[in-house]
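Q: Those sequence lines, one after another, are chains Y and U. Just so you know, we're using the working numbering here: the first sequence kicks off at 8 and counts up by one. Just so you know, we're using the working numbering here: the second sequence kicks off at 8 and counts up by one.
Check before you lean on any hint, since a few could be wrong.
Restricting the straight-line Cα-Cα distance to at most 30 Å, the calculated cross-link-like pairs of lysine-lysine (DSS-like) are [to be verified]:
hint, chain 1, residue 1, chain 2, residue 2
1, Y, K173, U, K33
2, Y, K33, U, K173
3, Y, K342, Y, K173
Just so you know, the hints here were simulated from the structure itself, not pulled from any lab data.
There are 2 protein chains.
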Amino acid sequence: MSDQGLSYQTAGVDIGESSRAIRAFKDAVRSTFTPSVLSDVGAFGGLFSASFPGIREPVLVSSIDGVGTKTKVAAMVGRFRGLGHDIVNHCVNDILVQGARPLFFLDYIASSKISAEIVADIVEGCAEACRAVDCALIGGETAEMPGVYADKELDLVGSIVGVVEKDSLLPRSDIGNGDLIVGIASDGLHTNGFSLARKALFEVGGRNLNDPVPGTQSTLADALLVPHRSYLAPLWPVLPRVKGLAHITGGGFVENVPRILGAEARAVIERNSWPVPELFRLIQSDGYIADEEMFTAFNMGIGMVAVTASEDAQAIVDHLIEAGERAWIIGEITKGARGANIV
Amino acid sequence: MSDQGLSYQTAGVDIGESSRAIRAFKDAVRSTFTPSVLSDVGAFGGLFSASFPGIREPVLVSSIDGVGTKTKVAAMVGRFRGLGHDIVNHCVNDILVQGARPLFFLDYIASSKISAEIVADIVEGCAEACRAVDCALIGGETAEMPGVYADKELDLVGSIVGVVEKDSLLPRSDIGNGDLIVGIASDGLHTNGFSLARKALFEVGGRNLNDPVPGTQSTLADALLVPHRSYLAPLWPVLPRVKGLAHITGGGFVENVPRILGAEARAVIERNSWPVPELFRLIQSDGYIADEEMFTAFNMGIGMVAVTASEDAQAIVDHLIEAGERAWIIGEITKGARGANIV
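Taking the hints into account, I'd like the entire structure generated from these sequences.
A: Rendered as structure tokens:
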């Protein structure tokens, strides 16, 4: 042994810090385990029984995603737990649009320098959001990558697997002329558009995180960091009456709604049919951002869109409001080339 | 529309570049689709039939991981395709140690600035490695995160789901005194220890990527970038005779081998029982790195360890050599507190 010798720690990688994080979040992770989980925290891979009673032809639905540069705002404010909710709920919604309920989730956290406290905070946030939707957090990884990440920055990635009865897969193929579009309120930006929002608010607008959002009781920090909303609980009971769901994420209405349409169906969305939250108005005015850009980069106050037969739409809106959501009929499907018009 | 207005592109996020990447890698991704895949490239989530003929009690095994700062070496050399092999094979090996064969894989690539060429190269590498092990690449995400990643740096994350018959789960619980340890050769560092290796070779040792590795025909760039080896094909036929497998990743022998042992079993590994490749010797001498640190940070030339009954060990080594691997009996299991001794 040489005192001058290099070690992993002098190279900027501290394995001990990851171990400390695991000890801190272990109980929270275990609290998400459903009876199908067959492994404990720390196994090479997570084990999950592939038995799905009551489902005749089970189909696994999987997705992977990150939270984008919302991590930068979290780092600026020093508040990380909500990011765990963000990534879990983002993933839950992504597979819900295919009709699936979540089975299990895995997280990946990487940074230039791992902090046990921050990792534990994020993973505990993931565990809270997983518990709320009966999803098991069965695996994860932390990586310390000096030189790859900018100082004090981190990325958070989640991967989810859910299950759906093959016959119940969404979207259905019968979306067409006359169907109505129901929009369900988002809780702010969710996890999309943060690079543009930060540029507009902080660089062009010169605002600070502690500034209020005009017309609200909220600071910018609070408004930006509200976690991504999960639509599983309110939508699950009405899924049999839904023809298709579009999760309004990167690409906004313009790119996401057409993904559930056939070649000859076009969505017409009436922009005045719901109240666009003040935060989006502020971003648009600070950044002098064109309307079309706003509807491509942001959810504009609608986190999930459901397409239903015209006769079902109002009942679904009523159910959603009953379930604690804010929801509106925001447009309809017409004949035309696949796409979306915001009118 | 204002000419001075911000757009996602002026904020440093180019959605068009991601679309170009998808067009470039789409065919490669489709070429990995097994008959169980029910979705196409670009769906919200990947769909995979949960029907496992021939398996009585299927258990899903899942894992998520990254390739660490091997990405930095790839970026220095400008050669990215191998990273796709790295992440797929790393994940394949991680679930193989529980006895599982891969079903499907998802990738996540994030960078300060997305390059369609680099993303396509990585995803095509993932597709090649997936095809080689009959694993479907059913989803992925690219994220452009200016300010989170250092300039020109990227991270690559993979998530895998496999399946195993519950009765065939590894490790078995009967690993004990007198069992032998078989080591299978790695192809270099695989995806672990890069921060320490770079510091030793480039900062302390003052070497360049084009320098030769002494005693070999290889440059440092080539030796460092050899992809992670998959052990699925050579090990699959002998898995019924294997009691436990340990994938030698972060934490090296010291941390990974004990993970498959009961409380009263200890691994004794004879360091002279296989040839430690020149690359590891060079890293150690350049960085003045202690032996123990080497065996904790690096695989030291052994990528996978199999524990077998003493009477099976030589036949398994013979099979592995027949299958094109290099393999040795490198130690044995003794009574003692759970752990590993390198002697």
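Q: So, against the hints stated earlier in the document, which numbers end up violated here?
A: none
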